[in-house]
Structure formats: C-alpha cells, structure tokens
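Peer 1: The listed protein sequences correspond, in order, to chains A and B. Going by the working numbering, the first sequence opens with residue 1, and the numbers climb by one from there. Going by the working numbering, the second sequence opens with residue 1, and the numbers climb by one from there.
Bear in mind the hints are in silico, worked out from the structure with no lab data behind them. Even glycine gets a Cβ: it sits at the ideal position worked out from N, Cα and C. Each hint should be verified, as a subset may be incorrect.
To be verified - Footprint (simulated), chain A over chain B, 3 or more residues, beta carbon under 8 Å:
no. : region
1   : 15-22
2   : 143-154
Stated by the list, open to error - Quick look at which bits of chain A chain B covers, simulated, 3 or more residues with Cβ under 8 Å:
no. : region
3   : 42-53
4   : 245-255
As the list claims (entries may be wrong) - Far from chain A, by Cβ distances over 10 Å, these chain B residues were calculated:
no. : residue
5   : N38
6   : F46
7   : S54
8   : A79
9   : G137
10  : A139
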Amino acid sequence: MSHISISGKLAAAGLLAGAGLIWWRDTGWLAGAADTLPLAVGIPLTVWLGAPWRACTADHADNPSSIWWPLFAGLAFAVAWILPSLTVLALAWTALAGYWMERWYKPGTDSISLLVILALSFPWMVMEWSEIGWWFRLSAASATEGFFHLMQMPVEKNGTELLVLGETIRIEPGCAGWNLLQLTLLTGVTIGVHDLPKRSRFLLFLALLPILAWTANLLRIITLSVVSLSFSVETAEGVWHGLTGLLVIAVVVGMAKLLCRAINPSAPEFIRRRLVR
Amino acid sequence: MKSIPPISDAFKDLLPGLFLSILTAVLALPSLWDAWQNDLYAYGGFIAFLVWLSSLGMASFWRCHVRRDRSTFWIILAALLCMAGSMTSLRVCHHLALACALSGLARPPRQGWLAAAAALSWLPASGWLISRVSVGGLAGWERPTLAAMTAIIWLSSLYPFQRPRSDETPS
Numbered sequence: 001m002s003h004i005s006i007s008g009k010l011a012a013a014g015l016l017a018g019a020g021l022i023w024w025r026d027t028g029w030l031a032g033a034a035d036t037l038p039l040a041v042g043i044p045l046t047v048w049l050g051a052p053w054r055a056c057t058a059d060h061a062d063n064p065s066s067i068w069w070p071l072f073a074g075l076a077f078a079v080a081w082i083l084p085s086l087t088v089l090a091l092a093w094t095a096l097a098g099y100w101m102e103r104w105y106k107p108g109t110d111s112i113s114l115l116v117i118l119a120l121s122f123p124w125m126v127m128e129w130s131e132i133g134w135w136f137r138l139s140a141a142s143a144t145e146g147f148f149h150l151m152q153m154p155v156e157k158n159g160t161e162l163l164v165l166g167e168t169i170r171i172e173p174g175c176a177g178w179n180l181l182q183l184t185l186l187t188g189v190t191i192g193v194h195d196l197p198k199r200s201r202f203l204l205f206l207a208l209l210p211i212l213a214w215t216a217n218l219l220r221i222i223t224l225s226v227v228s229l230s231f232s233v234e235t236a237e238g239v240w241h242g243l244t245g246l247l248v249i250a251v252v253v254g255m256a257k258l259l260c261r262a263i264n265p266s267a268p269e270f271i272r273r274r275l276v277r
Numbered sequence: 001m002k003s004i005p006p007i008s009d010a011f012k013d014l015l016p017g018l019f020l021s022i023l024t025a026v027l028a029l030p031s032l033w034d035a036w037q038n039d040l041y042a043y044g045g046f047i048a049f050l051v052w053l054s055s056l057g058m059a060s061f062w063r064c065h066v067r068r069d070r071s072t073f074w075i076i077l078a079a080l081l082c083m084a085g086s087m088t089s090l091r092v093c094h095h096l097a098l099a100c101a102l103s104g105l106a107r108p109p110r111q112g113w114l115a116a117a118a119a120l121s122w123l124p125a126s127g128w129l130i131s132r133v134s135v136g137g138l139a140g141w142e143r144p145t146l147a148a149m150t151a152i153i154w155l156s157s158l159y160p161f162q163r164p165r166s167d168e169t170p171s
C-alpha cells in the first residue's frame, strides 16, 4: 500500500463525500427511494469495471491544463450547489472524478466510459428532466396505439390515455418506466463498458441505448395493456406490474448484449480475456 | 511516468463491497424490520439475522490468513439484484441483494454460496414457503435455531484445527 499517495486517498475520500453531498442536496428522491437509490450502485460498479487500477507516480503539477480542469469543475460544483442544480452538480462531480483518474489512479478500462456510469449514478434525470418523461409517456402511448391498430383493434388516444375495446388504459409515469429510465440506462451502459473496450464503439452504443431503453419500456406497456384487456386493470396494477419490470431488465440486457455483439463481433473474446485476467 | 504499480485488492474488493452493503442495508432493512415485527412467518428473523451475521464475521476472522477468492461474483450479483428489486418492486430482490453484498464484503473462504444459502433463515420470503406446509405462523425460536445450526455446520468445516498447508498462501 506504500505506493498509494496520501493526496490520492484524500482526494478519493473527498469525492465520496462530494457524492454523498449531491444525494443530500435535494432529498426529493426520498419519496421514491426504492427506485432512485439503486442508481448509486454505479459507483462500486465503476470500481469493479475499472480494474486493474494503477497508481500514477508521475508529477502532473507542471501540466497547466491539469490545474484548470479541477478548478473549473469545482467552481461549477459550487455554483450548482447554490442554484441548486442536481444535473450540473452530477456533471461537475464526474469531471472531478475524471481528474482523479488522470492524476492519481488510472483505470484499466477507457475512462470516458467509466465517467458515463458515474454521471448516471445520481438521480438528476428523474428529478430535473420531467419534460423528457412527458415525451417518453406520450411517444409510448402513440406507439401502443399503433400496435393495437396493427392488431385491427378499435383504439382511441387522448394524451397518455388509451381507450381500447371500451377499457381505459392510463400510461402513468410508473408504467412508462420514467422513474426507472435512468436505472435502465445505467444497466445498459454497464454492459456496454463491460463488452466494448474501444471508445468509438462504446460511444456508438451509447447513442443507440436510449432507443433500446424506450423499446424495452414499450414492450412493458404493451404487455400490461394486454394483461389488463385479458383480465382486468386491477390485475395489471398488481403483482404483474412489478413482474413486467423483470421483462424490461431481460430485454435491456439481451438487446444490449446483441447490440454489443453487432458493434464489436470480437466482444466474446474480449470478455473471456477479461474474466481470465 | 516512472512506473505504474497495481493497487491493493482492498480497493478493488473491499470498497465496492462496503458501499453495496450500506446501500442494500438502507434499501432492505426497513422492509425486513417490518416483516420481522409483523409477519407471523418471519418471527425470530432478526435474531437469525444477527446469528448469520456473526457466523459470517467469524468465518472471515478465523481464516484471515488464507488467500480468499475475489468477491466479484457477490458484488455483481448484489448490484443486479439491487437494480432488479427497484425495477420489479419486489422486496425479496433487495433482501437477497443485502445477503449477497454482505457475503461479498466478508469474502468467506470456501463455500461462500453456503453462507448465502444460510440467509434463508432470516429472509421473510422463506416464510411464504413455510406457510405452504404449516399454518399458524412461527413461535419465534425456529429461525434462530436454523441459523445457529447452519452456522455451526459451516464454521466447524472452516475452523483451523490443523496448521495451514503450504498451498494456503498468506495474503
């Protein structure tokens, strides 16, 4: 342990404290803690995916760019704290974590990919981007309407409400997966980081990931609609509502794996080498 | 850059394990406590949990000179269960995530899966299985007894009666 510098340890402790502060700054997530708190899983996942971590012994102090980076990120963190903006806080913290990786500990994986996981480890999307949630529900309602049209079933859409065969189906934020979108994205990004070592391929995967998450949630909405039409709305709202969450996980994991395979055909070989290491 | 030495296993394994244990404890303990207090089939679960936790700690302490397997498997499983619990609203996933995270943190040598299986003694979900065969709930001694029995069997197989063999490299 002697080769690990005290400054690096202190900086790591400061980063962990900063992460705690971000979660503490706006406790609006406490109402749905079971949905949002697991996002913090991204931090231990980063530690695992970044292995083998190696301590840098080079002196970076003479590089002027390395001073401005944490200074600007620290300033953004302070301003975001006063505003308050959870999104800017999360991004500023991620930039500081990126500096920590550059300055003290180099990850064995591409650092940009790891920073995406870290940025998704805070509940900024659910807390501050509800407009996207509205679009998410509206587009899912339109797609579900299209599906029932395709099935030659009479369907009417009014906003996020669907009237199918005389039964009203409301696409609530919970059904549309908005509360869990960030968690779904985190799951997908983790698979991408694990399977795609090259940054360019990972960025392509990242660009396609929202489509994948949206498709998985659409499948959940269609499944719940079919259950409510076949049995009753009460049945669809009960344990089935939770169980279809398993469908979302399975679809996201399966599609993410297939996408990684399509983007990088040698992914299985890379994973095998990684596991052996 | 002069040299890039690899950093300690403690950073790779202990930190994620500790973090996940705290996170899953925050998620799982309120519903666990609720079940242990109010569910007829979960009575005694809290004592069983303490017994299980003690056996995990003792196993880690007794065999501290043995090089352990990496806890990666338990960490990943705990993280997946944690996310699955939120996506499905199934509390049992969070409870299992806590069991896996604590197993990963303690890094029990050998039969780590047995330690995780012994968690059935305090999991409220196992009460559902009991309710299929027995009606009327538990008296309160059954779960702690089961936890103690599994702990004795497990720990006796680990207790260092003999000197460490040459292949048990000190960590």
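Peer 1: Quick check: which numbered hints come out false for this structure?
Peer 2: Those not satisfied are hints 2, 8.
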